[in-house]
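The residues making up each chain are set out below.
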Amino acid sequence: MATRAMWKAVLRVGGLNVPVKLYAAIEDRSVHFRLLHKTDHAPVKQGLVNPVTDQVVEYSAARRAWASPEGDLVILKDEELAETEPQASRDIEVVQFLPPQAIDHRWYLRPYYLGPDQGGTADYFALAGALAKSGREGLAHWVMRKKAYVGALRLHAGYPMLIALHNAEDVVSIEDLEAPAGPALDRKELGMAQQLMSMLADDFEPAAYHDEYRERVEQLIATKRSGGKVRTLRPAKPKASEDLTRALQASIKERKHA
Amino acid sequence: MPESKHKKRDVQRPRSFWSGTIAFGLVSIPVSLYIASRSGGISLRMVDRDGTPLRRRYFCSKDAGPLEADDIVRGYEVEKDQFVIVKDEELEALAPEKSREIDLKRFVPLDQIDPIWFERGYFLAPDKGAMKAYRLLANTMEQKHRAGIATFVMRDKEYLVAIIGQQGLLRAETLRFHDELRTPDDIGLPTPDKVDAARIKAMQKEIRALSSDDLDPELLSDAHRHQLRELIDRKLAEGTDVVEAPEAAEEEEPESAEVVDLMAILKQSLGKSDGSPAKRGKDSALDDLSKTELYERARELDIPGRSKLSREQLIEAIRAKS
Chain A
1 MATRAMWKAV
11 LRVGGLNVPV
21 KLYAAIEDRS
31 VHFRLLHKTD
41 HAPVKQGLVN
51 PVTDQVVEYS
61 AARRAWASPE
71 GDLVILKDEE
81 LAETEPQASR
91 DIEVVQFLPP
101 QAIDHRWYLR
111 PYYLGPDQGG
121 TADYFALAGA
131 LAKSGREGLA
141 HWVMRKKAYV
151 GALRLHAGYP
161 MLIALHNAED
171 VVSIEDLEAP
181 AGPALDRKEL
191 GMAQQLMSML
201 ADDFEPAAYH
211 DEYRERVEQL
221 IATKRSGGKV
231 RTLRPAKPKA
241 SEDLTRALQA
251 SIKERKHA
Chain B
259 MPESKHKKRD
269 VQRPRSFWSG
279 TIAFGLVSIP
289 VSLYIASRSG
299 GISLRMVDRD
309 GTPLRRRYFC
319 SKDAGPLEAD
329 DIVRGYEVEK
339 DQFVIVKDEE
349 LEALAPEKSR
359 EIDLKRFVPL
369 DQIDPIWFER
379 GYFLAPDKGA
389 MKAYRLLANT
399 MEQKHRAGIA
409 TFVMRDKEYL
419 VAIIGQQGLL
429 RAETLRFHDE
439 LRTPDDIGLP
449 TPDKVDAARI
459 KAMQKEIRAL
469 SSDDLDPELL
479 SDAHRHQLRE
489 LIDRKLAEGT
499 DVVEAPEAAE
509 EEEPESAEVV
519 DLMAILKQSL
529 GKSDGSPAKR
539 GKDSALDDLS
549 KTELYERARE
559 LDIPGRSKLS
569 REQLIEAIRA
579 KS
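Chains A and B are the protein sequences, given in the same order.
Heads up: the first sequence is residues 1 to 258, going by this note's numbering.
Heads up: the second sequence is residues 259 to 580, going by this note's numbering.
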């Protein structure tokens with residue numbers, strides 16, 4: 001079953017325009033619950049309350065404010081906020097093409113497939129071909145549903161994909177953190193850790209992993225629906241290994257006999 | 259430092275997203291996961307017309323009465339308006355081991371993991387007594403260029419996770435499950451027929467013209483955020499629509515403070531030998547605090563004129579007082 005496009009746009013690469021459609025690449029498969037009132041099982045709704053008067057305030061009557069560290073509140077009017085909103089546009093503007101490592105993978109937020117829109121199929125596949133040949137990733141800007149995005153343009157399985165990026169300032173960089181200090185690690189323990197890791201070495205196969213928890217949630221719901229019994233047990237959290245050498249030795253021995 | 263001070267500090271720590279154990283063979287490493295990113299934007303709060311900060315509260319959709327946390331249950335809608343109620347304990351009991359443990363059964367080459375699978379980044383901080391094993395694992399993975407792979411359950415959802423050793427630290431990337439990423443076939447994208455070589459050439463030419471070896475950081479900046487920031491600064495400077503927040507308003511800290519706090523925590527728990535508060539120098543720790551945190555401390559110590567002080571002045575004033 002084909003997926004419905006979520007947005008139509010024109011991808012601009014220098015002087016060339018490629019009409020495209022945007023598709024969500026991620027499918028939400030988690031089980032969603034609703035919050036209900038315990039006694040009558042009616043769904044709950046959220047509201048705003050003035051804690052001083054205990055009065056309910058309608059969303060339309062509420063304002064937004066920014067709280068300063070000094071304890072001041074700056075009230076922002078709706079029309080002032082509207083002025084800071086990005087201008088609506090159908091353009092996805094590619095502003096730079098970079099070597100594949102230049103756009104940090106830790107900024108990746110959410111991928112979207114690009115598909116050809118009417119009359120753009122030839123240019124669309126020319127883009128895919130040119131991206132493959134260049135080996136570069138594009139950096140693109142676009143405004144979708146009143147929100148400005150920065151994204152990476154790259155190929156996935158041979159098709160152009162846009163990956164929305166985190167704002168760089170929202171990601172804590174590992175370079176800003178101090179490496180843990182301490183006495184030099186025991187060489188014997190390091191050797192054993194390497195040996196154990198080699199014993200557990202494998203290739204990465206994404207298809208080898210399944211969301212078993214989701215299946216169990218679905219089972220739980222089915223069991224409860226038919227009036228079946230469910231058990232609730234919680235084990236304790238294990239403590240840190242005190243003797244590293246012994247734990248490593250035992251692990252290696254266990255693997256050898258496995 | 260008196261004991262009560264430590265407790266206060268601990269309250270200010272951002273909550274870890276998950277706390278449990280990493281299993282490397284039979285080696286157990288208790289850790290806490292901290293999120294490495296935030297949703298972004300400048301966080302605004304809802305206020306009444308006069309500036310009174312409003313609270314979000316739940317109401318029953320039927321009788322419109324206000325609800326406390328104890329009045330609320332979770333239900334799964336099996337048919338319209340028909341729910342199966344599911345208790346927290348029942349969900350927790352579904353995968354008790356996986357809720358507590360990240361069992362690294364496989365170590366895969368780091369470069370085999372396509373970043374398209376990355377869902378969200380976290381940092382791992384060692385819990386009490388785990389520092390040596392933490393360093394050993396981080397070090398070994400870094401040397402071997404391998405990441406540990408496991409599945410585990412966090413906040414009622416199972417995740418595939420890659421644990422990565424980098425710069426002596428452990429970080430985690432949750433990965434999407436195979437069936438969560440659609441294929442071009444699922445979308446219904448057309449298969450390419452003969453591609454026009456001249457069109458490819460023309461596109462390559464445009465790509466070359468826009469090529470650069472270095473990322474221009476300016477291109478990553480969020481114009482909307484800057485404009486909002488400017489609007490706020492302008493109104494602050496003019497004093498228009500600025501009101502003093504009641505004391506209660508400081509309960510919820512703006513999200514931006516959280517990231518800074520996280521860095522302070524990691525620096526504190528990783529930088530010192532075992533992260534135990536007793537070994538922490540009380541003075542140097544101040545430098546790691548965000549201005550919001552410093553202001554909080556100044557408020558506790560009742561330092562006069564604290565709202566007018568700069569970050570450095572706050573540190574000095576706190577040092578002088580404690």
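Misleading hints may appear alongside valid ones.
[Unchecked claim] Quick list of in silico lysine to aspartate or glutamate cross-link-like pairs, EDC-like style, CA-CA up to 20 Å:
hint, chain 1, residue 1, chain 2, residue 2
1, A, K229, B, D444
2, A, K45, B, E348
3, B, K415, B, E348
4, B, K415, A, D91
5, A, K38, B, D308
6, A, K8, B, D346
7, A, K8, A, E80
8, B, K345, A, E85
9, A, K77, B, D308
10, A, K45, B, D444
11, B, K493, A, E215
12, B, K363, A, D203
Just so you know, the hints here were simulated from the structure itself, not pulled from any lab data.
Evaluated hints:
Between A/K229 and B/D444 the alpha-carbon distance is near 38 Å, which puts this suggested pair outside the 20 Å criterion. A hinted pair counts as satisfied when its Cα atoms are at most 20 Å apart, and A/K45 with B/E348 does not qualify at roughly 24 Å. For a cut-off of 20 Å, the pair hint linking B/K415 to B/E348 stands: about 14 Å separates their Cα positions. For the hint linking B/K415 to A/D91, the alpha-carbon distance of about 36 Å lies beyond 20 Å, and the restraint is violated.
The suggested pairing of A/K38 with B/D308 is violated, with an alpha-carbon distance near 35 Å, which exceeds 20 Å. The suggested pairing of A/K8 with B/D346 is violated, with an alpha-carbon distance near 42 Å, which exceeds 20 Å. Restraint check for A/K8 and A/E80: not satisfied, since their Cα atoms lie roughly 29 Å apart, outside the 20 Å limit. About 42 Å separates the Cα atoms of B/K345 and A/E85, which puts this hinted pair outside 20 Å; it is violated.
Under the criterion of a C-alpha separation no larger than 20 Å, the hint pairing A/K77 with B/D308 is consistent with the structure, at around 12 Å. In summary, the hint linking A/K45 to B/D444 is not supported, as the alpha carbons are separated by about 35 Å, beyond the 20 Å threshold. A hinted pair counts as satisfied when its Cα atoms are at most 20 Å apart, and B/K493 with A/E215 does not qualify at roughly 53 Å. Taking the CA atoms of B/K363 and A/D203, the gap is about 12 Å. The hint holds against a cut of 20 Å.
Violated hints for the displayed structure, listed by number in ascending order: 1, 2, 4, 5, 6, 7, 8, 10, 11.
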